[in-house]
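With the hints in hand, could you dock these two chains into one complex?
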Amino acid sequence: MSEPRIMLTAMAINEALDIAMTIDPKVFLLGEDIAEPSGGVYKVTNGLSTKHGLHRVRKTPISEQAIIGAAIGAAIAGFRPVAEIMIMDFLAVCLDQVTNHAAKIRYMSGGQTTVPMVIRTSAGAGRGFGAQHSELLEAFAVHSPGMKVAVPSTPADAKGLLLTAIFDDDPVLFVEQMMMYWDKTYAGHVPEGDVRVPFGKAATRREGSDVTLISYGRQMYDCLAAADALAVDGVSCEVIDLRTLVPWDEAAVMASVGRTSRAVVVHEAVTRCGFGAELSSRIHEELFGQLSAPVQRVGGANTPVPYASNLEADFLPQVSDILLAVRRTQG
Amino acid sequence: MDDVERPDAPDRDTLLQMFEIQSRIKLCDERFRTMLMSGQIQLIYYSPRGQECISAGWGVHLRQDDYVVTIYRGLHDHLAKGVPLRELWAEFLGRATGTCKGKGGPMHITHPASGLMVTTGIVGAGIPIANGFGLAAQLNGTDQVTVVNFGDGASNIGAFHEGMNLAAVWKLPVVFVCQNNLYGEHTPMSMSTGVDYISERAAAYGMPGVTVDGNDPVATWRVMGDAVARARSGGGPTLVEARTYRFWGHLMGDAMEYMPKDERKAAMAADPVVLYRAWLINNGHATEAQLAEMEEVLTAAIDDAVEFAMNSPQPDASELYTDVFGDNNDAMLQGVSR
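In order, the protein sequences belong to chains A and B.
Read in order, the letters of the first sequence correspond to residues 15 to 345 in our numbering.
Read in order, the letters of the second sequence correspond to residues 1444 to 1781 in our numbering.
Next up, chain B with everything else stripped away, as it sits in the complex (with noise of 0.2 Å):
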């Protein structure tokens, strides 16, 4: 963002929420990418780095008690709806105490408590089981909005479609975060997508859709506020479609041959939490001290989460065959646990 007071900009308290939360996304993506490299730990890991301001800025609109549905890539969310992070780490690295018990993993993180409710590893498949959550909260009468988060890819998918069409139908409390990173998987956005802006497609469905430059926590902060406040007060779905960049590519490891040197470099470059960083402290939001402590305080935390997951045990072994059903026994397990 660029450098210069901002008359939209919310309330102080708001904007040091934000970037707590931006701080705490981008520490822990980077403490799992030291660990990775240096092989201390070993696991699938899809960096959320670059996108941070885009959960951070529904994240500070949604109670408690808001749904959250995210995807494989999903860091940033998880941490945005308030995933405690021992319990997080621990189910990262596959062990008994994480929140899955170690049984989902990273592309599986669910933590009803904080409202995080589904994290799925098919693309677009959180679209229709979105609509679900927001059926129920329209079926009870609650004012509960449920937040998805997908990437452009997921546009390209039936389940979009299909999902797009029934919340606008039945006007479920429902907002769809396109997290426009530019590429699906290996593919750049512009040889998979006939279109230029994902939210041209909300007016296929008889939806509200708009873009806003997801690395601007300020204008993202604004849209998403008006997209929840739709949702909550009974006015129905909207699509937002915040563009962004992933600075890691696809997953750890990936080489990245497909994303031009220089596109990275420019988007590393404009790193959106670092000059709202600067931005805060030079329009007089904050002081460089009180932001460094923040982050002081947020590293202490991540070295107790990955003492606590490095410390925890794996799984019992009879885990394998728990959760299955909920009548779970040897009637239910036949032809499984021999």
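Just chain A, same shape as in the assembly (with noise of 0.2 Å):
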């Protein structure tokens, strides 16, 4: 066994990048703020453009439209660029480029032209940047056909599934959740060179047998704690983490709660219309009548994101949120 290479979240991304960008020359990136000397406003792409050189890691104005136009048009003439859309609230001002084009000009023109890149963005509350700064707007890229979404909870996955998303012929929502980027809670093993983790296969992070946890992104963690809370009560959590939400893996997500019979959802977005309504929907329709309570949702306030820090965290998801939500299931 060789030692683990311990490493946080923002640098795994980063290897992911520079791998990508010396394996093929037809990747590159643009957005604000990425180059050297300041290489991203939170240090994600430090030091890529000086190894790679400035026209293949580009500065690009303040203009997020702008940003996903050149990277379609790129696409779609056979490059494979890499946009970083700061802050995940400002897909708001790009959206059309977003779900008009990237995620419907592959079947608008019957398959003849494609659009193979990805959006990267920061995202999520807890850094008390407000109601705009620190939204999970996943649910925006699912329900556009077209767009696929990747929300990684691990470094080992932020590396394996960027590679993944950047190497797919496909437009990839990565979703990056920003108190992750430096916080050594979040560091681990993320292994050596070109290592790619598919989409669509869920991990099982806790196996269990009297309710099934699911989730992605850093709510993992959460569930991880009330699975562990919870055995000291007797009650056996399976904890699965989908990775990426287009496509999900249906698959595991239906032998788990087949076997257990009992699930709650678990996300960062407000809960109304969140992706966790999709997977509950699903489970009732695949499993209604071998339930043995109907599937919980756990996600943020129905609320925009509040800037004062008690409220901040009254807004998250919570792992007593889940605990509340297991009780219920077990009725």
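Certain hints may be false.
Stated by the list, open to error - With beta-carbon atoms standing in for the labels, derived distance ranges:
1) Pro1631/B / Lys57/A: 26 to 36 Å
2) Lys57/A / Ala1647/B: 29 to 39 Å
3) Asn1771/B / Ala315/A: 34 to 44 Å
4) Asn114/A / Thr1477/B: 28 to 38 Å
5) Val1638/B / Gly144/A: 35 to 45 Å
6) Gln332/A / Thr1585/B: 24 to 34 Å
7) Arg1476/B / Thr317/A: 47 to 57 Å
8) Tyr1764/B / Thr64/A: 40 to 50 Å
9) Gln304/A / Thr1585/B: 31 to 41 Å
10) Thr36/A / Gln1483/B: 32 to 42 Å
11) Leu1486/B / Gly345/A: 50 to 60 Å
12) Ala269/A / Tyr1764/B: 38 to 48 Å
13) Ala145/A / Thr1477/B: 34 to 44 Å
14) Asn1754/B / Thr317/A: 56 to 66 Å
None of these hints come from the bench; they were simulated from the model.
Beta carbons are placed, not taken as given, at the ideal position from N, Cα and C, and that holds for glycine.
Here it is as structure tokens:
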């Protein structure tokens, strides 16, 4: 056994971008502030413009429509652009390019033109950034046929899923939760080299028999914490990390819930019409007769993200919310 | 155009090539409208009639491997870039043999083999995407040029501003062609736009801007040639405003109450294709018989395309679910195919 390579999430993402640009000259990056000397507002692209050149790590004006549009055109013309939208809330100012163009062009052209691009974006509450710099909006893209969506929870997945995303022939929204970039809590082993994680394959992070907790991204850790707490009371939780939402691993979810007969879905995005609603609905459609209790949802409050730290903490789904939801499935 | 010889005119071949493109557009449009009015076909149709000279003006400067992006009023641009008649008609009619297998329709014509890369139904949205084609050419070190077409209305949407600025900053080989037909949908330019000429806006981005009479084929040819040459030689983007008029309003069935009757009547009396035809003959560039023969050949080609399209089947029902993703399968279509 070789020594584990413990890395922070931001470094794992940086490594994936570096590898992709090294192995394929058609890969380039564009976005606000991503080049040296700043290397990105979160330093995620640190060092890459020095190594690969300013023509491949392209600083742009603060023009999200222009960024995504340029990526789309270049992708159709044979490149594999990785566009950065600094904060996920800013997707709202370029959503036409994302949903009307990136997502639909393959279909509208009858498969003649494809858009192999990635939109990397950082997201999430917990940093005191207020309502316009904290949202999880993955449901926008999930609701746009043609877009793929990945939300990694570990540094290894961040690297492996990003490499898969870059070399996929469809547009991918790649969601990075900013709380995870440089926090040692989320550090983990990352395999060396071009190691890719396939889309549509969930990871079972903990095996259990009484209830299935289904999550993705940072909230997977809240599920593990809840599972620890419940184990003390003799409740055995299975924790499934979806890793990608389009496609999502329906087979793994149905197999697990089929065994446990109880499910709780957990994510940071606001609960109403979040991806958890789709998960819950699909489980009910497939397994209604086998369920011991209705599927429960845990998500962000149905509010804008507040600023004050106590309110922001209350907005976010808590481990205690997951515990309560599990209790509700036990009737 | 005035009926006098023009020292600024190109050679005869180019003059006739432009007439061929204009006539192809005019005759196609007339056939679409005739068939629509008689109920033979049904589709949403944005007539380009009146704007033919603009597309012909850039069309003769472009190579097959140059890129064109256009909008829902795009039939003239599709034809000027060489999209074949049969596949184009079939796509307009939603047939399996269309450019996009009947899945895109008139607002989304795509034919990469001709270099017609994107047709968008969203005003202004093609402008940022055109930059991507320009960037691809620049990164590849080729001298391919991208021409993006849009209307005067698009110059008031944010994508125009973002796209023009980025093209100037990155010196992209893109020609921005504003086909100014004086109306954005049902609203005259005077009520929506704070400048008299769209080309004035180029100065704000640090790129050359020029206004040309888009109904004058010779002047348009010259301006487009300069802009294409600048882009091809690495000189960066140009905004060309070609002023024109749309004869049939925003879309077929438009009652056109908002267009003064006299204005429209005068524009149609000065039909640029009809005037150009007369100019070619009167100035000895072509004979009546020669042009009539060109028109006959085009009419026969359109007859053939109409027949081809009308006899083509609609797409197979299974096509609803194809081309959503590259690895299109049940897992990718969860919740879609059920």
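Query raised in the report: Where does the structure disagree with the numbered hints, that is, which hint numbers, in rising order?
Result: Structure breaks hints 1, 6, 9, 10, 12 and 13.
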